[in-house]
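Enquirer: Knowing the structure of chain D, use the given hints to seat chain V on it.
For the protein sequence lines, the chains are D and V, in the order given. Counting with the working numbering, you get residues 1 to 458 for the letters of the first sequence. Counting with the working numbering, you get residues 1 to 507 for the letters of the second sequence.
None of these hints come from the bench; they were simulated from the model. Some hints here could point you the wrong way.
Unchecked claim - Computed footprint of chain D on chain V; a stretch qualifies when at least three of its residues, placed anywhere within it, have a C-beta under 8 Å from a C-beta of chain D:
| # | region |
| --- | --- |
| 1 | 116 to 124 |
| 2 | 253 to 260 |
Said to hold, decoys possible - Some chain D residues well away from chain V (every beta-carbon gap over 12 Å; in silico):
| # | residue |
| --- | --- |
| 3 | D8 |
| 4 | E61 |
| 5 | E115 |
| 6 | S136 |
| 7 | C138 |
| 8 | T182 |
| 9 | E230 |
| 10 | E238 |
| 11 | L244 |
| 12 | K383 |
| 13 | I404 |
| 14 | V428 |
C-beta atoms are modelled at their ideal positions from N, C-alpha and C, and glycine is treated no differently.
Below are the chains, spelled out letter by letter.
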Amino acid sequence: MLNKSIIDGLAEIAGKDNVLTDEESLKCYSYDATRYASAPDVVVKPRDTGEVSRVLSIAYEEAIPVTPRGAGTGLSGGSVPVRAGIVLSTERMNSAPRIHKEDLYVEAEAGLVTEQLHSAVEAKGLFYPPDPASQSACTIGGNIGECAGGLRGLKYGTTRNYVLGLELVTPEGKVLKTGARTVKSVAGYDVTRLMVGSEGTLGLVTSAFLKVLPLPPARRVLSCAFSGLEKASEAVSEILGQGLVPSIIEIMDEKTVAAVKAHTGEKLGEGVLLLVEFDGTREICDEDASRAMGVIESKHGGRVMKDVEGTRRETVWKARRAVLPALSRLSPTVILEDVTVPRSRLPEMTAKIKKVADRYALRIAVFGHAGDGNLHPTFLTDKMKRDELKRVKAGVSEMMRACIDLGGTISGEHGIGVDKMPFLKLEVGRAGYDIMKRLKASVDHKGIMNPGKMFHDA
Amino acid sequence: MTPEEKRDSRGPAGPPATGGTRTGGKARTGGKTRTAGGTRSATDDAGQLDLFGAGGGRPEYDTVRSLAPEVDRCLKCGLCRAVCPVFAEVLDESGCARGKIALIEGLSENSLSLSSRFSDKLSKCLNCKSCMEACPSGIKVDELVLAARSEIFRKGKFPLLKKLIFRHLLRRGKLLPPVSKAIAFIERKILRGLPPSSPYRLLLPIVKMDKDRVFPVFATRTLMDEHAEILSPGGKPRMRVGYFSGCSANLIYTEIGKATISVLVGEGIEVVLPHEQGCCGVPAYTSGDRPTGRELALTNIKAFEKYKLDAVVTACASCGVALKTDYVKILGFREKALGADVYDISEFLAKFCRLELEDRHFEKVRVTYHDPCHLNRGQGITEDPRKVLRAIPHVEFVEMEDAGRCCGGGGTFSLTHYDISKEIGKKKANCIAATGADIVATSCPSCIMQLEDMLRRNGLPQRVMHIVQLLAPYYEKAPIPLSICSLSSSDPGRSLKYHPRESDSGP
Chain D
1 MLNKSIIDGL AEIAGKDNVL TDEESLKCYS YDATRYASAP DVVVKPRDTG EVSRVLSIAY
61 EEAIPVTPRG AGTGLSGGSV PVRAGIVLST ERMNSAPRIH KEDLYVEAEA GLVTEQLHSA
121 VEAKGLFYPP DPASQSACTI GGNIGECAGG LRGLKYGTTR NYVLGLELVT PEGKVLKTGA
181 RTVKSVAGYD VTRLMVGSEG TLGLVTSAFL KVLPLPPARR VLSCAFSGLE KASEAVSEIL
241 GQGLVPSIIE IMDEKTVAAV KAHTGEKLGE GVLLLVEFDG TREICDEDAS RAMGVIESKH
301 GGRVMKDVEG TRRETVWKAR RAVLPALSRL SPTVILEDVT VPRSRLPEMT AKIKKVADRY
361 ALRIAVFGHA GDGNLHPTFL TDKMKRDELK RVKAGVSEMM RACIDLGGTI SGEHGIGVDK
421 MPFLKLEVGR AGYDIMKRLK ASVDHKGIMN PGKMFHDA
Chain V
1 MTPEEKRDSR GPAGPPATGG TRTGGKARTG GKTRTAGGTR SATDDAGQLD LFGAGGGRPE
61 YDTVRSLAPE VDRCLKCGLC RAVCPVFAEV LDESGCARGK IALIEGLSEN SLSLSSRFSD
121 KLSKCLNCKS CMEACPSGIK VDELVLAARS EIFRKGKFPL LKKLIFRHLL RRGKLLPPVS
181 KAIAFIERKI LRGLPPSSPY RLLLPIVKMD KDRVFPVFAT RTLMDEHAEI LSPGGKPRMR
241 VGYFSGCSAN LIYTEIGKAT ISVLVGEGIE VVLPHEQGCC GVPAYTSGDR PTGRELALTN
301 IKAFEKYKLD AVVTACASCG VALKTDYVKI LGFREKALGA DVYDISEFLA KFCRLELEDR
361 HFEKVRVTYH DPCHLNRGQG ITEDPRKVLR AIPHVEFVEM EDAGRCCGGG GTFSLTHYDI
421 SKEIGKKKAN CIAATGADIV ATSCPSCIMQ LEDMLRRNGL PQRVMHIVQL LAPYYEKAPI
481 PLSICSLSSS DPGRSLKYHP RESDSGP
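Chain D with its partners taken away, still in its complex shape (with noise of 0.2 Å):
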């Protein structure tokens, strides 16, 4: 519990409104999209980097810890105020973009949703690639903090690729720009990246100036069905050892499509399922499409189910996002993993899935972004059932082993946060995990931001 004097030196910043105290909002900020939840003491919404100075200010003089947060969509347990304090909402910092034609950047408050960043640009003729499941509903903020990618990784990167710099709050309360407005830019360390998807654990960052790139006149989609996931996976091998670029390889395995099938009743053809889609000139996309055809229709028995263009690609993609809808009514509980593994292992990286499920008794659904590696092995249990969650939990250990064997990461673009903390030591090693550690305690000696992430004996 916090003492009055430090709630009403809060509310006195951000206005009462917008400093919560009762337990029905503190319920309300205790949770993200993962199944971890933590109350906070208060929960403040500041309106501005001002503000949000002067509130780091006091957690700083009182060493009171501070968790940021957006729209608590994340899958890591980021957002989650494990050690309770200030949960800090960027809810209230969404005002509309400003929108830098010439120069290619746009500027956007933390708080800014980030389908609604999509839509303010799209109107210029601009196009702001990365594009997380939850792009509805979750912020920019929250997309650098965790560094989020989506389904268009594969040609155009993650956050971290759009980043150009940010304006962030240090945890004593200071206000820094860092990085530049153009694309090119070597002043000193490259303190904008180290940020990007450093969860929250360094500072606080309130606006961004990010990077966009011309809207792409056409884009066109097929849906694939392949008779397994080997198959699949050679045709993606193939597809890009060609030199095709798809700006988007999605891949459904039998489990997930069939979990689909029944969810939405639409005819998606049987065994695995590849969603390809490629963008730009109307002229490089029907070219490449016919190319990409070539390669799954002729040598990987493929068939091509669907192929659209324009508008139309949403009866595609409406399945895609059917996949977590349909595969959590099979179970009560989804636990959905992250692994990324460099795409030549795609085929192992399934293949041990598949082991990892027969070992351990289990049932793994897996979808994902083939393209660029980053799988979601999702892991359909009951928490009520102790016993097999006993078996989840050795499965996604053994998962994460081999996924690192493979030359592999942990997490692709949902971060370590509380639930990935246990293997971070793993991926990054013990010189990795203590250069980290000695960062973190020079940005944040008295350790306010964001405490009990990432590092498991922080």
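Expert: The following block gives chain V in isolation, referenced to the frame of chain D:
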């Protein structure tokens, strides 16, 4: 135990009581007492009439603790934040479904209590069902929120004014017409001279009304006053249809009721307008007062089931969702309790009528359509009203952006949370204005009330009409002067201020 609680418990013939301490014996006593007093318990009656289905009355949705499995299914993904109109205004997690589900979870885990803050947060839901459309897990948010409100009604704090209105005004259906006529009298004789600039409007906040609010004008003669129970077309009717008018078409927007009747009769259908019908119950049970909701439902069921009907039609989206699904899902009556399938008027027309209208050369109008939440998400009907509008020769139909977004009315929501309602309504008003339409048509009197207020409040000229009002002139024997169906009024906002409308300014 309060009488409400007694009435809410079920006798042996009804579904099992869930409260644990409430026994069948006590419930029977409650029923008998009321029989002596002239009214019988709704659930007792319903039990005798076998109005509950085999599973009976969804007792599982009566207590918050029993909702745990549904609450548990929430993935907490937060996608409801993207679509919730209340969240967009309040920018607080408790505004969206995920927040409310967390609150209900807190209640069932005993970490939260039924405090006034709790009920205030639960009250900030329009029941627009947008979250349910976006929810990956298909959580029944409406049923969860309504069940929590029902628990608040039984055990927590419930506003006295609402209780008074539900218990005494709505439940005793007979009182409603005289009261509404009294309001009509006051509006015409007293408020008539109260232009928007009048200082007396400053008194309105005393009755918790915004001083600039545009009020609906109550009718001096109700729809029931003006129509017999059986309305036959010339010749042999091809169908016999019960018309559920709802309060609005009976007491306020009688022209919607008249239009609905003319269209149906004009289509060669015999219309039955049971005068015993009353409020559908939505305002009561959506606020948590299920006992009153059940009694109102039972009155309506009894009013309709004595006729042999091919269908029941309503022109109110909210009444429609009540009769079609809520009577079963929320109140626990059996399917088709009214004795026939229920249709929204546009659904009925699209299904059973040819809609081949002879061009009467009315002045052309540009019309856009607002999807009422309770027709669109509540009943899954979006195409039928558009089909009807497109069939009208003098209508040029234009789509508005976000036609399916809630207008912010939400029945009593706009009274209790006018500040939020106004902001949501403003967005809708802007979407309407952007189409350049002359008229916004819709299918729910509750939306009409809100849209009229919002358009005026934002200084916009569009008129608001129910789709049947645009259709009705084609079914009149002789072409009707346009002024009567208010299609060519020079001052469209005129009828919305404190002046009686031309159509009901009687002697």
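Enquirer: Against this structure, judge whether each hint is valid.
Expert: Hint check:
1. 116 to 124: holds (count 3)
2. 253 to 260: violated (count 0)
3. D8: holds (20 Å)
4. E61: Since the minimum Cβ distance to chain V is about 27 Å, E61 of chain D lies beyond 12 Å and the statement holds.
5. E115: E115 of chain D not clear of chain V: closest Cβ-Cβ about 7 Å, inside 12 Å.
6. S136: violated (4 Å)
7. C138: Contrary to the label, C138 of chain D does not stay out of reach of chain V, its closest Cβ about 8 Å off (not over 12 Å).
8. T182: About 33 Å separates T182 of chain D from the closest Cβ of chain V, which puts it past 12 Å; holds.
9. E230: holds (29 Å)
10. E238: holds (33 Å)
11. L244: Correct as stated: the minimum Cβ-Cβ distance to chain V is 32 Å, above 12 Å.
12. K383: Violated, since 9 Å does not exceed 12 Å.
13. I404: Non-interface label on I404 of chain D holds, nearest chain V Cβ at 28 Å vs cutoff 12 Å.
14. V428: Non-interface label stands for V428 of chain D: nearest chain V Cβ at 29 Å, farther than 12 Å.
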